Amino acid sequence: MTDILAAAEGVSKRFRHKPDFAERLAIRLGAATEPATVHALDGVDLHIHRGEVVGLVGESGCGKSTLGRVIAGMLPPSEGRITRDGQDIRALRGADARKMRLATQIIFQDPMSSLNPRKRVSEIIGEAPRVHGLIPRREVRAEVGKLLATVGLDPTMADRYPHQFSGGQRQRIGIARALAVNPDFLICDESIAALDVSIQAQVINLFMDLRRQFNLTLLFISHDLSVVRHISDRVVIMYLGRVVEISPADTVFDAPRHPYTAALLEEIPRLDRRGRRFTAIKGEIPSPVNPPPGCHFHPRCPHAFDRCRLERPALKQVGAGQDVACHLNDGNGLIDTPSRQGE
Amino acid sequence: MTLLEVSELKTWFETPAGTVKAVDGVSFSLAKGEIIGLVGESGSGKSITGFSILGLVDPPGKVVGGTIRFNGEDLRAASEARLRALRGDRIAMIFQDPMMTLNPVLSIGTQMVETVLAHRRMSRADARAKARDALGRVGIPRPEERLDAYPHEFSGGMRQRVAIATALLHEPDLIIADEPTTALDVTIQSQILSEVQGLAAEMGMGLIWISHDLGVVAGLADRIAVMYAGRIVEEGPRDDVLDTPRHPYTSGLVASAPIANERGKPLRQIRGSAPSALHRPEGCAFRPRCDHAGDLCVNDVPETCAAPRRWRCFYPLGSS
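The listed protein sequences correspond, in order, to chains R and Z.
Numbered as in the working numbering, the first sequence ends at 1141 without a single skipped number.
Numbered as in the working numbering, the second sequence ends at 687 without a single skipped number.
Chain Z extracted, bound-state conformation (with noise of 0.2 Å):
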């Protein structure tokens, strides 16, 4: 049963330099259940999709195009009471940092119960019990105590785990985690990714996971959506994805981790950088960096559909 459906998103932020098209036409959906991995370098679109699902695009950002649907329903046309009622409950979002998703001021247990409350008509007491539990759920030792702590005296590990409790609360059909395990450590993120990954599959919420690390990725997601220039230029299973990618840019990521590479010898790089929003070539934006544009690529690239698999490239890889 599909999730989320979000077809040709435009989100435009007017700057006095112009029109910064952050995203650009970006279609997919989510299954019930299903984990897709969002992967894209900086500036490549994929937070402000997280976002523009949500409703939180901040003036001079605008949605100026395309629908998403939640459940069936249009985020798009829902009034601001609608939005405010479907945050925190049916969809939530975790971020990268979450000393800025936590007041420092309140304890972990009066945000806790706030967010309790905000959706749901209980007593106090129920609904610190709920967050108890929520907390004991993320694997923080202790949760009944831990409620009176206030966000400093969690260690950044432990203050994520807080942020995702907080988001699971109301047991949300979607979750959107932009890049939640970034700032952590190798061990500490192995710990968050093992609870995330148990509780999407015992709750069966859907969950967008927004990266710019293809090897969490492929630990995690079903499905794969590459973003480049505000675009999705690849999407497809996850195997599929990275064993036989279509276009050059999935191709170049894939080929020059380390490990797809011999030790010492020099890596297979993807040439040049990322071009500026405001400056983006005609047509394909890739095509100033890549080896297999052709006469064709100056034109908009039409999206390639063939099913469960579909790209954006006039030369795609092993077509031919």
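For reference, chain R alone in the conformation it holds in the complex (with noise of 0.2 Å):
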């Protein structure tokens, strides 16, 4: 018996467009290139925990839905394997394999394109239950009600429709959707992004009570730091497919030790930080079809140098429970950390 719930293992996951025979031709006589490939995740590692709250942070393009995506099983990683209570996912078959799928539950941005419009509340929480025979017929109005106590909305709503509900409403209706097959393991992309500020802090808190209340564990997946850093155990930094640091949420904050993250944290808008003069890191975030050598992030770098330009860095542990991807944590001159402040 281990403690750990899920873990990708070196999990590369690259997309190509198939060439149809049109294409394959035009290639083929030179008038055209060979399709390009989107690296969206290169040999990422990840182990969570039973029980924790892991934020998983990146900017667009950073590969963060896609690995919660491979993680949950949905898409199947180009390399690399993801596991489940220890057991390969791919090797799972029948009923295990349908266990291992029920038991993790994804709750998406957008909870007007992930609910079906044309059903009513009752029919979209209770259908999955139904259908794989966890709850009898006739107790699946019951669950529906429970469920949607649960997650804070009135059980009379339960025979309206999506439209009928505002944003937040919407979500927690994905909430208790994701609720009804009984998972132990939640993965949240981006499901406050779309939400009214006053709202998400609504939202937040119902993740965190319902963490307590069903030991949940949760992949909380997010742009926003300050968002993730308030609720999670352990946060993960990606950029352009890479994971680049992982650190203790209170660690992370404090002592920063990859240049991307410091970036991050410098820059993320913050009501304590008035009339600021603002800076930037210089450049954009590089195409995942063309990722620069060695260290991503090097052309953005204010430390880099030739090192970085060539060799990859390897995540390595730099102290407890933090790993961090950086050839400046190698005995190159640590990298300098002013200490930050928290709250």
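Be aware that one or more of the hints could be misleading.
What the hints assert, rightly or not - Here are the computed distance ranges between Cβ atoms for each label pair: (1) R:Lys944 with Z:His646: 28 to 34 Å; (2) R:Phe1103 with Z:Glu520: 31 to 37 Å; (3) Z:Arg451 with R:Gly950: 46 to 52 Å; (4) Z:Arg436 with R:Thr954: 49 to 55 Å.
No lab work stands behind these hints: they were computed from the structure.
These numbers were taken from a predicted model, which means no experiment stands behind them.
Built from N, CA and C at the ideal position, the CB exists for glycine as well.
Each chain sits in its own coordinate frame; assemble them with the hints.
In structure tokens:
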């Protein structure tokens, strides 16, 4: 019995457009080039312990959503393997595979595009447990009512359609649907990004309550570091398909050890940073079609040196529970980390 | 010197279901070189306030009341021709999605030259030089070459820079920026904020920064106006509004920010959700969500002024 609930081991995911006949012909004749490959994930290792909340942070195109989907088993990795409770999920068959899939649920960003607009809420929430035989048909209604109450909605609303709810309420329906099949692992993919500020706090609180109530493990994917810090036990920072830093949530805010993490923290808008003179790290996020060699961050990194342009830094332990992929931590002069205000 | 003075602005939309009072009595003023942050949630009327100033409200929406004075001139009484002459010249707007602002089938240079020539008589070559300089000013590398590129050849952040460069072509007195960094990544947002902040200071323009993100506004604005259900519920100098909010809604927003809460503890939250614009409660629209509501709140809330601050609340915080 291990306490690792889910793990990604050396996971890479590449997306490549498959050329059709005409394109293949054009390529043959030299009139077109081979379709580009998007390196969404590049050798990612991540262990998620039972009962913890892992925050996964990165900017658009860093592969955080792809990693969520690969861990959930929705997308097969191009390389590497995903384990669930110690077993390779590709080796699971039949009832075991189904059990694994039910035990992992995803909550998406936009509840309007993940809820069927033509179905009533009772059907949206009650369908999966009924189809999978988790509860007898005649108890479905009562169960839906219970779930609605759990996520803070009025059970009498069960016969309404998704469009009759506000954005925050719809997200609660999405959460109730995920809980209906008794998962032990929730993957929240930008689940609060589309909500208004005053509603975000409500939904974050709901996630924290549910985690305690149902002993859930959460993978909380977000671009918002301040939210992630608030609810996570550990934070994983990704950049262009790679994990650059894994740290306990306190540490990552107070003493980031990767220049990208430091930059993100520096630039996040915060209520207590008034009348700032905004400065910014230079450059843009490179395309995952053609990522820079060596460390992906080196073209934007203020500390980059020759080795960064050539050699990919490995993810190494640099402190208690803190893994960082940066050559600066290799004795070539540790990166100087001014102590940062956490609160 | 007052650059813009909006008073009792009302912009209503007549819909089959009833009148939507998107903006319902908004007043504020802006001095030269000042940055005001207009903060609110979706549907609070902050964008419509911006559109109303520019005369860009489309039917069924209509500005039904109030005055808008820009450099002393009454914009509500101005002819369409006069407004067209002002827009893009003295007043410019930056939108959330630059892909909507830029024409996808024209090169950046063509569009920028067009903007220059719409307001100035000069040769095409001069206009092009002006456009090139504007691109350089917002930090676009190799501006001369980039003039011939099309919008899709730019990344999101670069596109927003092009939109900003276009807005700055005539060094306007007033810029209305409607969530211009909301769709951008954190590091790119910082770059844009840094450019805008530098240029605003350099040129001394007034800036209305419309956003839902209090954090951005805290970093950028001199003054903050908080909107709720079509009204400004509180307005004042940045630090006053954030440190000692008078309106319970402002206070709720500030308190619910994760940074204001102890890690792992439940966030302080505002209960309920914003009312539909068709069915706003009588009196104070925030009343059903407010912990401080009392008997008076069913009445229409007058504005309390205590310069430099003002608020709309019968039971303001920090008063007793």
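May I ask which of the numbered hints given earlier this structure violates, with the numbers listed in increasing order? Failing hints: none at all.
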